[in-house]
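Novice: Single-letter residue listing:
There are 2 protein chains.
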Amino acid sequence: MTMEKAPIDFYFDFASPYGYLGSLRIDGVAARHGRTVTWRPILLGAVFKLTGMKPNMHQPLRGEYLRHDTARCARELGVPYSFPEVMPLNPVTASRAVYWLDSQDAGLARALAVAIYHAHWGEGQDLESPEAVAAVAAPLGIDRAALLDGVQQPAVKNRLREETDTAIARGVFGAPFFFVDGEPFWGADRVDQVERWLATGGW
Amino acid sequence: MTMEKAPIDFYFDFASPYGYLGSLRIDGVAARHGRTVTWRPILLGAVFKLTGMKPNMHQPLRGEYLRHDTARCARELGVPYSFPEVMPLNPVTASRAVYWLDSQDAGLARALAVAIYHAHWGEGQDLESPEAVAAVAAPLGIDRAALLDGVQQPAVKNRLREETDTAIARGVFGAPFFFVDGEPFWGADRVDQVERWLATGGW
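Listed in order, the protein sequences are those of chains A and B.
First residue of the first sequence? That's 4 in our numbering, and the numbers climb one at a time after it.
First residue of the second sequence? That's 4 in our numbering, and the numbers climb one at a time after it.
Accuracy of the hints is not assured; some may be wrong.
Copies of one chain are not kept apart here, so a pair can be met inside one copy or by any two copies together.
Stated by the list, open to error - List of simulated lysine to any residue pairs, SDA-like, C-alpha gap at most 20 Å:
hint	residue 1	residue 2
1	K52	E7
2	K52	Y68
3	K52	E67
4	K52	L111
5	K160	P10
6	K8	C76
7	K160	P133
8	K52	P63
Worth flagging that the hints you see were computed from the coordinates, not collected in a lab.
The structure displayed is predicted, hence computed values, not measured ones.
So that you can see chain A by itself, here it is in the shape it has in the complex (with noise of 0.2 Å):
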C-alpha cells in the first residue's frame, strides 16, 4: 500500500489570464510528482471588495503591462491566446457550470473548465451569457437543456459561493493561487517554484 498524496489546491477566476496560464502548467507538474489536481474556479471580485484592490488589467501602467507580458507568456509556452474584446469577464455562470457538473462527473467539470478557458483566453470568446457556456459544453456531450437548468440551482449557487469564501479564508487574493500540503503559491510564474517544492519537500 502506498501513501496517498494530498492534491494539490488551485484555486482561479476565468476572468484571469494569468489563471489560464497557469492552468496550462499545473497538471503536468503535479503528475510529475505524483499528485493531482482539484480546481476551484471562484470569484476574485468577491475578493477585491474585500481587500479594496482593482483587477490588474485595470490599474494604470499595470494593465498595459499586462497585456504585452501574458501575450509574451503564452507565446514562451507556445500556448494560443487571444485577449477577449469583452473584459473582464463576469465568469459566474461559467463557474457555476463547472460545479454543477463537478457534483456528477469530476472529471467532465474538469474538461469544461479547460474548454472555458480554452474558449476565453485561446480563442477570445465572451462567455459571460449562459447560452455562450452551453455552447462551449456542447461538444463534451454535456446538454444544454441541463447546464441551463443546472446553473440557476441553488445548491450550485452556494456551492461558488462556498468556494470563494473558503478561498479568501485561506488567504486567496489573486489568481492563479495554488496550495501544495498547505503552502500557498500565488502567480503562473511561480509554478516551476512549486515543481521546486513538490521535488524536494520544501525548504
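Take the given structure of chain A and dock chain B to it, following the hints.
Specialist: Frame of chain A; chain B shown alone:
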C-alpha cells in the same frame, strides 16, 4: 572590435523586499550573457500616487502572504533575510546617497546600494535617517560629512525625481522592474525569464 551590448536597466525601491531579492540575482544573470546592469533606485511612493495602488505589504491578505513568500524565496536562494521592524522604509535619503555617489564613482554607488539593501532586508535595519545611511556607507570608505552634505544637494534631489519620472514614463509600476533592450519585465520571479530572454534573444 566587439559590439557592446546595452546594459540592463534595473529599477527598484529600497523599501521593496522583492527588489532586494531581485538585486541579488540580476548582476549574475546579466554577466552570464555579457551584459552589465544599471541600478536605478526610485520612489515607488510617487508611482503609487499615480496608480492609486497601495504597497503590497499593506494590502489585506496579500501583506501576510508577502511576509511568508519573501522569507521562503530568501531561504530558497540561501540569502540573508530579516523583516525590518520599521516598515515601510522611507527610502529618500538612501536613494539620494546612491545618486550622489554615482556622479563621482559609479562602482562605489553600486556597492553602496548593495550595502543598503543588505542592511535593510538582510539585517532588518531602519535606514530612514541620514546618520543611519552614513553608518552603512562608512565601511566603504565614504566620508560621513560628505554624504550628509551630498544628499542635500539640489542636483542630487533632482536626479532622484528625474529617475522616478523616467521610470513612470517607461511604464514602471512596481519593483523590481527590468528593461532588456527596451523589453519590460516586472518581478523578482521573472529573473529566470529575463535569463531565457537574454539566452535566446527573445521570442
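Novice: Does each hint hold? Answer for all of them.
Specialist: Verification of the supplied hints:
1. With identical chains, the CA atoms of K52 and E7 are never at most 20 Å apart, being 37 Å at best within one copy and 50 Å at best between copies.
2. In this assembly of identical chains, the alpha carbons of K52 and Y68 lie at most 20 Å apart only when taken from different copies (18 Å versus 23 Å within one copy).
3. In this assembly of identical chains, the alpha carbons of K52 and E67 lie at most 20 Å apart only when taken from different copies (18 Å versus 23 Å within one copy).
4. Taking the closest pair of Cα atoms, K52 and L111 never come within 20 Å of each other, the shortest separation being 31 Å inside a single copy and 46 Å across copies.
5. For a Cα distance limit of 20 Å, the shortest separation of K160 from P10 qualifies neither inside one copy, at 24 Å, nor across copies, at 53 Å.
6. In the homo-oligomer, the alpha carbons of K8 and C76 never lie at most 20 Å apart, since the shortest distance is 30 Å inside one protomer and 24 Å across protomers.
7. Taking CA atoms no more than 20 Å apart as the test, K160 paired with P133 passes inside one copy only; the shortest distance there is 14 Å, against 57 Å between copies.
8. Proximity of K52 and P63 under a CA criterion of 20 Å is satisfied in both settings, with 19 Å inside one chain copy and 11 Å between copies.
The structure shown violates the earlier hints numbered 1, 4, 5, 6.
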